[in-house]
Each structure stands twice: as structure tokens, then as C-alpha cells.
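Asker: Top line first, the protein sequences correspond to chains A and B.
Going by full-length UniProt numbering, the residue at position 152 of the first sequence is 152; the numbering climbs one at a time, nothing skipped.
Going by full-length UniProt numbering, the residue at position 192 of the second sequence is 192; the numbering climbs one at a time, nothing skipped.
Accuracy of the hints is not assured; some may be wrong.
Listed below are the simulated BS3-like cross-link pairs for lysine-lysine, each with C-alpha atoms no more than 30 Å apart in a straight line [unchecked claim]:
id	chain 1	residue 1	chain 2	residue 2
1	B	Lys10	A	Lys197
2	B	Lys54	B	Lys68
3	B	Lys92	A	Lys109
4	B	Lys109	A	Lys68
5	B	Lys159	A	Lys92
6	A	Lys109	A	Lys92
7	A	Lys159	B	Lys109
8	A	Lys109	B	Lys54
9	B	Lys10	A	Lys109
10	B	Lys10	B	Lys92
11	A	Lys68	A	Lys92
12	B	Lys92	A	Lys197
13	B	Lys92	B	Lys159
14	A	Lys54	B	Lys54
15	A	Lys109	A	Lys197
16	A	Lys159	A	Lys68
17	B	Lys54	A	Lys92
Residues of chain A clear of chain B, computed beta-carbon distances all greater than 10 Å [as the list claims (entries may be wrong)]:
id	residue
18	Asp13
19	Glu67
20	Lys92
21	Arg121
22	Ile122
23	Asp123
24	Ser130
25	Leu134
26	Met179
27	Ala190
28	Ala217
29	Glu220
If you are wondering where the hints come from, they were derived from the structure by calculation, not from laboratory data.
All values derive from a computational prediction rather than experimental measurement.
By construction, the Cβ of each residue, glycine as well, lies at the ideal position given by its N, Cα and C atoms.
There are 2 protein chains.
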Amino acid sequence: MSTGQEHTVKAFDQDIGQLRALISQMGGLAEQAIEDAMLALSRGDAELANEVRKKDKQIDAIEAELEKLVVRVIALRAPMADDLREVIAALKIAAVIERIGDYAKNIAKRVPLIHAEGEERIDVVSILPSMGQLAADMVHDVLDAYSARDPEAAIRVCKRDNALDDFYDSIFRTLVTYMVENSRTISQVAHLLFVAKNLERVGDHATNVAEMVYFAATGEYMAERETGEAGAN
Amino acid sequence: MSTGQEHTVKAFDQDIGQLRALISQMGGLAEQAIEDAMLALSRGDAELANEVRKKDKQIDAIEAELEKLVVRVIALRAPMADDLREVIAALKIAAVIERIGDYAKNIAKRVPLIHAEGEERIDVVSILPSMGQLAADMVHDVLDAYSARDPEAAIRVCKRDNALDDFYDSIFRTLVTYMVENSRTISQVAHLLFVAKNLERVGDHATNVAEMVYFAATGEYMAERETGEAGAN
Numbered sequence: 001m002s003t004g005q006e007h008t009v010k011a012f013d014q015d016i017g018q019l020r021a022l023i024s025q026m027g028g029l030a031e032q033a034i035e036d037a038m039l040a041l042s043r044g045d046a047e048l049a050n051e052v053r054k055k056d057k058q059i060d061a062i063e064a065e066l067e068k069l070v071v072r073v074i075a076l077r078a079p080m081a082d083d084l085r086e087v088i089a090a091l092k093i094a095a096v097i098e099r100i101g102d103y104a105k106n107i108a109k110r111v112p113l114i115h116a117e118g119e120e121r122i123d124v125v126s127i128l129p130s131m132g133q134l135a136a137d138m139v140h141d142v143l144d145a146y147s148a149r150d151p152e153a154a155i156r157v158c159k160r161d162n163a164l165d166d167f168y169d170s171i172f173r174t175l176v177t178y179m180v181e182n183s184r185t186i187s188q189v190a191h192l193l194f195v196a197k198n199l200e201r202v203g204d205h206a207t208n209v210a211e212m213v214y215f216a217a218t219g220e221y222m223a224e225r226e227t228g229e230a231g232a233n
Numbered sequence: 001m002s003t004g005q006e007h008t009v010k011a012f013d014q015d016i017g018q019l020r021a022l023i024s025q026m027g028g029l030a031e032q033a034i035e036d037a038m039l040a041l042s043r044g045d046a047e048l049a050n051e052v053r054k055k056d057k058q059i060d061a062i063e064a065e066l067e068k069l070v071v072r073v074i075a076l077r078a079p080m081a082d083d084l085r086e087v088i089a090a091l092k093i094a095a096v097i098e099r100i101g102d103y104a105k106n107i108a109k110r111v112p113l114i115h116a117e118g119e120e121r122i123d124v125v126s127i128l129p130s131m132g133q134l135a136a137d138m139v140h141d142v143l144d145a146y147s148a149r150d151p152e153a154a155i156r157v158c159k160r161d162n163a164l165d166d167f168y169d170s171i172f173r174t175l176v177t178y179m180v181e182n183s184r185t186i187s188q189v190a191h192l193l194f195v196a197k198n199l200e201r202v203g204d205h206a207t208n209v210a211e212m213v214y215f216a217a218t219g220e221y222m223a224e225r226e227t228g229e230a231g232a233n
């Protein structure tokens, strides 16, 4: 970022600071949303699940605010080269965080379907909460990497995506086996399958942000071997 | 859009035309990808599925090209107000189309898992191809709405999303019932569940684009009742 003394440069730095603050705020809400959705899921807490759904509107509202700010910054400051790329990156990262929030909301929506009244209580996947924590941690860490503009931290986030994919593969197999053996709860377990898939997608999106952070910090694309590729399960 | 005679205005119109052409190209590829992935699925054609996966890189490459063009247009032309919003909208629409391409790729990835060698041939969901066609049609129609800047056509796309959600709900129930009765094929059918979910998500994204088209054409947000809300299944 430029450090010039001109009025417009200082104003631009303030704008960028504001964009970054909005992204941190969105990211904090998204991380919390994943944790709360997973808590609601393990407790069968429909009220908490409902709160996660409501709070998603806050994330959407911040994204809309950020978008307006981006348009204003570009129109007023006419940023060039690196500065412009940083503004565009903020727009893209915000869109990804909004999607992460949607995945948390989707998990929350499934809580009442999984713990439906009169239905058998199911508690088949002991490692699902650990998977949820890893996904939330990746979101947390990639936002730290973004704040610190730290390409090494971004690489570390990407590497953890493989662990998340392994979690998913293992949970997929466990759930399918469970369905084979417990046909009464197949519908509930199918929803759990989507929960695991949503968490796996959260990891993919954290990885996407990490790649953008890396690119913004180094001007180069992250090597393919660092990024990992999502499985098809 | 402005129709002034100045050199820079004409150049800007050309840029916008180029952005729109790139979006049409991406959209055409995404629509084709959905159709091909669904064809590969019904035929059990692993080769065609593989081609869909390869072609997704083209969509990604066009998005990257569009992004560079956006940065160049903003830097060179310093567009204001409506023009700037149109440029930002192109960036956002391209990102959504890229995601639609990813869903088609994800369907293609599941073809060999659903039609695994030595596994039972399953053919449980006769309405899945119709759902695929509806999703592809929505992508086609929303791109037409974008080209024509037609807010009424955008509303029609959103209304069809409800039909897609109904397809999904029906397929979800059919597949769960099938799993209950055929435990040997649960893993394959679980993949079909994800295929249906991917198509449902394609519809959501077509709806997102339709909302952007509507906003760009009218300056107003589409009324909530027109947009439909995705189910949680």
C-alpha cells in the first residue's frame, strides 16, 4: 500500500482500513455462525439454530455495505494498479465469506429436520463436531492471514484443507454404513451427510480466500500442490 | 448506458460490450456443462463426464480474463455511477457463473461413483433429467435476460426456481425411500442426492443473477415474493 503524504492517499488508506474492518467483522460473524450451528446440531437446540439463520442477515448486510463502499472508493479515489487490485480483492473475499455464512445457515436449517420431534434421537458421528471446529478454525486463521498479509499463514490454511477432506470422506463412509444398518433414520442421516458436505465446502472457501491473500501478498499464484483439490464425495 | 460521442465514452461502450460477450461465453459453457454432465450421468458415460471436468477450466480462464478486463476498464476509463455499477455487476455475475460451472463439474465427478464397475446399475430417478434440463434452461434464460436487460424476463427466471425446489423435494423423498428399500446401493444413491442438490443450487445461482439483472435494469431490488427462498433439504 502507498504511504504518500497527499490528502487523497491518506483518504485511500482510511478507505482500505474500513474495507478490511468490514471483512474482519463479516469473518468473525461467519466463524461464530459455524460454531453456533454445530452447537445447535449437537444439542438439538432449535432456538440457537434459528438465531444462526437470523444472524445471517447481518453478514449479508455487511457485504452490501462493503460493496457500496467499494463503488464509492473507486469513484472518488480512482485507485490504480495494486491499490485497485486490493479493492477488488476485498470485494471478492467478502463474497466468499457471505457464502461461508450461507453454509452455516444451511446447517442450522437442518437442525430441526435431524432432530425432528417423535423421530429417533441419532448421534452417529462423533467426529462431526471436530470437523466443524476445524472448518471454523480455518475461517478464523485465513482472516488472521488476511489482516497480517501473511502468505505463509495462507499456505498453512490450505494445507489444513486436506485434513478437512479426510474428515469428510471418513464421515461419508460412516454415515452410509449407518444408513445401511438403520433404515428408519435414513432421512435424518441424509441431512447429516449434507452438514458434513457444507463443512467441507466451508474449507474450500477458506482455501479460496487463502489463495487470494497469498496472491495479494506475493503477486504470484500459490503453487498447485499447496492448494489441494476437493474430493467428489 | 451513455451514448455520448467522445472517444472515451465510445471506448467504454466497447469495453462493456466485451465484458458482456465474455459473460455470454461463460454462460453458454456453463449451460452446456450442466446438460453434458446430466447426459453423462444418464448414460453412465465416464468419458463425457471427464470432458465436462476438463472444460470447466475454460470457464475459470474466462472469469480470470474478465477480472483483468474489469481492472483495466476501471483504471483506464474511471467509470462513474451507473457505468461503474455495470462493471461491478459483470464481475459479480461472472463469479456466479463460475460457481454454476463448478456444480456441473461436481455432478460429472460423481458419474463414475454412481456407475461404479461391478456395482448394481441404478436408475431410480426418472425425473432427475427433467430437473437438470430445467436448471440448464434457467441458466440459459437468465443470460438472455442479462443480454436484453429485461427485468420481466429476470422475474420469470426467479419464478421457475420454485419448480426446481419442488423437483428437489420430490427427488429427495424418492431417493430416501429407495435407500430404505435397497440398502446395497445406498452409497450410489447418496451421490444422486448430491446431484439433485447441485441442480437445486444451480437454480439458486440463476436466481441470484436474475436479481442482479433486475437491479441493474430498474435500479430497484426485486420484491421478496418474486425471489423464492431455497428449501433446506
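Asker: Against this structure, judge whether each hint is valid.
Answerer: Checked hints:
Taking the CA atoms of Lys10/B and Lys197/A, the gap is about 47 Å. The hint is violated against a cut of 30 Å. In summary, the hint linking Lys54/B to Lys68/B is supported, as the alpha carbons are separated by about 23 Å, within the 30 Å threshold. Taking the CA atoms of Lys92/B and Lys109/A, the gap is about 26 Å. The hint holds against a cut of 30 Å. Taking the CA atoms of Lys109/B and Lys68/A, the gap is near 38 Å; set against the 30 Å cutoff, the hint is violated.
Distance hint between Lys159/B and Lys92/A is fulfilled; the C-alpha atoms sit about 28 Å from each other, no more than 30 Å. Between Lys109/A and Lys92/A, the direct Cα distance comes to roughly 26 Å. Compliance with the 30 Å bound is thereby established for this hinted pair. Note on Lys159/A and Lys109/B: the hinted pairing holds, with a Cα-Cα distance of about 22 Å set against a maximum of 30 Å. A C-alpha spacing of about 34 Å is found between Lys109/A and Lys54/B, which places the hinted pair above 30 Å, so the restraint is violated.
Restraint check for Lys10/B and Lys109/A: not satisfied, since their Cα atoms lie roughly 49 Å apart, outside the 30 Å limit. Taking the CA atoms of Lys10/B and Lys92/B, the gap is about 24 Å. The hint holds against a cut of 30 Å. The straight-line distance between the Cα atoms of Lys68/A and Lys92/A is roughly 13 Å, inside the 30 Å bound, and the hint therefore holds. Of the supplied pair hints, the one linking Lys92/B and Lys197/A holds, its CA atoms being roughly 25 Å apart against a limit of 30 Å.
About 21 Å separates the Cα atoms of Lys92/B and Lys159/B, which keeps this hinted pair within 30 Å; it holds. For the hint linking Lys54/A to Lys54/B, the alpha-carbon distance of about 39 Å lies beyond 30 Å, and the restraint is violated. Straight-line distance between C-alpha atoms of Lys109/A and Lys197/A comes to about 14 Å, which keeps the hinted pair within the 30 Å bound. Restraint check for Lys159/A and Lys68/A: the C-alpha separation of about 34 Å exceeds 30 Å, so the hint is violated.
Restraint check: the Cα-Cα separation between Lys54/B and Lys92/A comes to about 24 Å, which is no more than 30 Å; the hinted pair holds. Interface exclusion of Asp13/A from chain B stands, the closest Cβ pair being 19 Å apart, more than 10 Å. Here Glu67/A does not stay apart from chain B, with its beta-carbon only about 7 Å from theirs, under the 10 Å limit. With a minimum CB-CB distance of about 7 Å to chain B, Lys92/A fails to clear the 10 Å threshold, and the non-interface call is violated.
With a least CB separation of 19 Å from chain B, Arg121/A remains clear of the 10 Å interface cut-off, as annotated. For Ile122/A, the shortest C-beta to C-beta distance to chain B comes to about 14 Å, beyond the 10 Å cut-off, and the non-interface label holds. Every CB of chain B lies more than 10 Å from the CB of Asp123/A, the least distance being 20 Å, so the non-interface label holds. Every beta carbon of chain B lies more than 10 Å from that of Ser130/A, the smallest distance being close to 22 Å; the non-interface claim holds.
Consistency note on Leu134/A: stated as away from chain B, and its beta-carbon is indeed over 10 Å from all of that chain's, at 21 Å minimum. Once the 10 Å rule is applied to beta carbons, Met179/A is inconsistent with being away from chain B; the minimum gap is 5 Å. Not every C-beta of chain B lies more than 10 Å from that of Ala190/A, the closest at about 6 Å, which undercuts listing it as non-interface. Under the 10 Å C-beta cut-off, the non-interface status given to Ala217/A relative to chain B holds; the minimum distance is some 18 Å.
In this structure Glu220/A is separated from chain B by more than 10 Å, as the shortest Cβ-Cβ distance comes to about 14 Å.
Checked against the numbered hints given earlier, this structure breaks hints 1, 4, 8, 9, 14, 16, 19, 20, 26, 27; the rest are met.
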